[in-house]
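*Asks:* Now for the letters of each chain:
2 protein chains.
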Amino acid sequence: MNPSSALNLNIALIHYPVTNKNGEVIASAVTNLDLHDMARSARTYGVKGFYVVTPLEDQQALAGKLVDHWVSGGGARYNPKRREAMQLVYIRDNLEQVVTEIGQAEGREPRTIVTCARPQKGSVTYGELRQALSDGAPALLLFGTAWGLAPDCLAAADIILDPVRGAGSYNHLSVRSATAIILDRLCGEFK
Amino acid sequence: MNPSSALNLNIALIHYPVTNKNGEVIASAVTNLDLHDMARSARTYGVKGFYVVTPLEDQQALAGKLVDHWVSGGGARYNPKRREAMQLVYIRDNLEQVVTEIGQAEGREPRTIVTCARPQKGSVTYGELRQALSDGAPALLLFGTAWGLAPDCLAAADIILDPVRGAGSYNHLSVRSATAIILDRLCGEFK
Numbered sequence: 001m002n003p004s005s006a007l008n009l010n011i012a013l014i015h016y017p018v019t020n021k022n023g024e025v026i027a028s029a030v031t032n033l034d035l036h037d038m039a040r041s042a043r044t045y046g047v048k049g050f051y052v053v054t055p056l057e058d059q060q061a062l063a064g065k066l067v068d069h070w071v072s073g074g075g076a077r078y079n080p081k082r083r084e085a086m087q088l089v090y091i092r093d094n095l096e097q098v099v100t101e102i103g104q105a106e107g108r109e110p111r112t113i114v115t116c117a118r119p120q121k122g123s124v125t126y127g128e129l130r131q132a133l134s135d136g137a138p139a140l141l142l143f144g145t146a147w148g149l150a151p152d153c154l155a156a157a158d159i160i161l162d163p164v165r166g167a168g169s170y171n172h173l174s175v176r177s178a179t180a181i182i183l184d185r186l187c188g189e190f191k
Numbered sequence: 001m002n003p004s005s006a007l008n009l010n011i012a013l014i015h016y017p018v019t020n021k022n023g024e025v026i027a028s029a030v031t032n033l034d035l036h037d038m039a040r041s042a043r044t045y046g047v048k049g050f051y052v053v054t055p056l057e058d059q060q061a062l063a064g065k066l067v068d069h070w071v072s073g074g075g076a077r078y079n080p081k082r083r084e085a086m087q088l089v090y091i092r093d094n095l096e097q098v099v100t101e102i103g104q105a106e107g108r109e110p111r112t113i114v115t116c117a118r119p120q121k122g123s124v125t126y127g128e129l130r131q132a133l134s135d136g137a138p139a140l141l142l143f144g145t146a147w148g149l150a151p152d153c154l155a156a157a158d159i160i161l162d163p164v165r166g167a168g169s170y171n172h173l174s175v176r177s178a179t180a181i182i183l184d185r186l187c188g189e190f191k
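Protein sequence lines, in the order shown, are assigned to chains A and B.
Numbered according to this note's numbering, the first sequence spans residues 1 to 191.
Numbered according to this note's numbering, the second sequence spans residues 1 to 191.
Just so you know, these hints were derived from the structure itself, not from any lab.
Keep in mind that a hint or two might mislead.
When chains are identical, the list treats them as one kind, so a pair holds in a single copy or across two.
[Stated by the list, open to error] Straight-line alpha carbon distances no greater than 20 Å define the calculated EDC-like cross-link-like pairs of lysine to aspartate or glutamate that follow:
1) K121 x D152
2) K81 x E128
3) K21 x E84
4) K81 x E106
5) K65 x D152
6) K191 x D162
7) K81 x D68
8) K81 x D93
9) K191 x E109
10) K21 x E128
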């Protein structure tokens, strides 16, 4: 529980099913700094769990080794603040497993929310999502690696969130940056 | 010029002078993904130039090679959108050089703005800075690597910006994430 946050939010970084440059569905590789940056952003904004989703066993082993180093290995002693963030990371095979697991812990399955750099029909604004999340029911925000979440994954979500737009039409933020911005828009308080 | 942005903003990533874990002033190493992520965020929010500041020649050479790959090498053909972002990157020896260079291009030196994860006396809010920047005069926003900008660098700035706070007291975002959030707070438009 994060007493400082009213939202009941989890995030997932999806490595399968995502698309590559040519629109084909692939399983992408885990990137070290995705885990660090997104765990630190999750911890900053009171996110309950950060699920790293990949079906590839070698990638699960790599991610597991990395997380262990910072949670219980040398990294935990070197940087306890990094440990606090990395403790939020769970490595799972697929999205269904994550939804079931949160559902069991919370007593109801989370609403799934997808984000996409390209505009999608029926997407909600940040204000609308913030309002929807204020009921405190569990929610799971999905982020795609590579060229983004596969079309089936987008179509299956409960809610589609507006893209992050900056000062123009360029929409090629890293997933690390997009996560930080979206969490700030949903959970941040500032003047 | 970015016609879509009213602000006249530049950013700099400082590798010297910054502090290490023990508060000593050091020169930090350049991180590949800092350049990618911050260039993409800069491009997204209409930032004019992204200055990578390091006095270390080997680090300048490394950063230069990386930028060249994406601006004029194989990376430019592989991903033209990444090229658009990396074209904003300039590698410079020190902060004074950056201020002088922007001053020559703009006809007046930029206001320097520092950000710090720890609260600082006299810091301004995001709304106040957004208002101040709306005059269109040049500005340079500084980000520190490692454990943050050295005290002398903080003290010499024209403006200190409030820290990014999330849902609690944890304030250990990556510089990549902090940059993305701060640019969104200053330049982003969303509902």
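*Asks:* Now tell me, hint by hint, if it's right for this structure.
*Replies:* Cross-check of the supplied hints:
1. With identical chains, the CA atoms of K121 and D152 are at most 20 Å apart within one copy only, with a shortest distance of 14 Å there and 50 Å across copies.
2. Proximity of K81 and E128 under a CA criterion of 20 Å is satisfied in neither setting, with 33 Å inside one chain copy and 31 Å between copies.
3. In this assembly of identical chains, the alpha carbons of K21 and E84 lie at most 20 Å apart only when taken from different copies (17 Å versus 35 Å within one copy).
4. In the homo-oligomer, the alpha carbons of K81 and E106 never lie at most 20 Å apart, since the shortest distance is 27 Å inside one protomer and 41 Å across protomers.
5. In this assembly of identical chains, the alpha carbons of K65 and D152 never lie at most 20 Å apart, being 31 Å within a copy and 39 Å across copies at closest.
6. When the C-alpha separation of K191 and D162 is checked against a cutoff of 20 Å, the pair qualifies only between copies, where the shortest distance is 9 Å, while the shortest distance within a copy is 23 Å.
7. For a Cα distance limit of 20 Å, the shortest separation of K81 from D68 inside one copy, 14 Å, qualifies, whereas the shortest one across copies, 35 Å, does not.
8. For a Cα distance limit of 20 Å, the shortest separation of K81 from D93 qualifies neither inside one copy, at 27 Å, nor across copies, at 32 Å.
9. For the homomeric pair K191 and E109, neither the shortest alpha-carbon distance inside one copy (34 Å) nor that between copies (27 Å) is at most 20 Å.
10. Taking the shortest Cα distances, K21 and E128 never come within 20 Å of each other, neither inside one copy (31 Å) nor across copies (41 Å).
The structure fails to meet hints 2, 4, 5, 8, 9, 10 from the earlier list, while all remaining hints are met.
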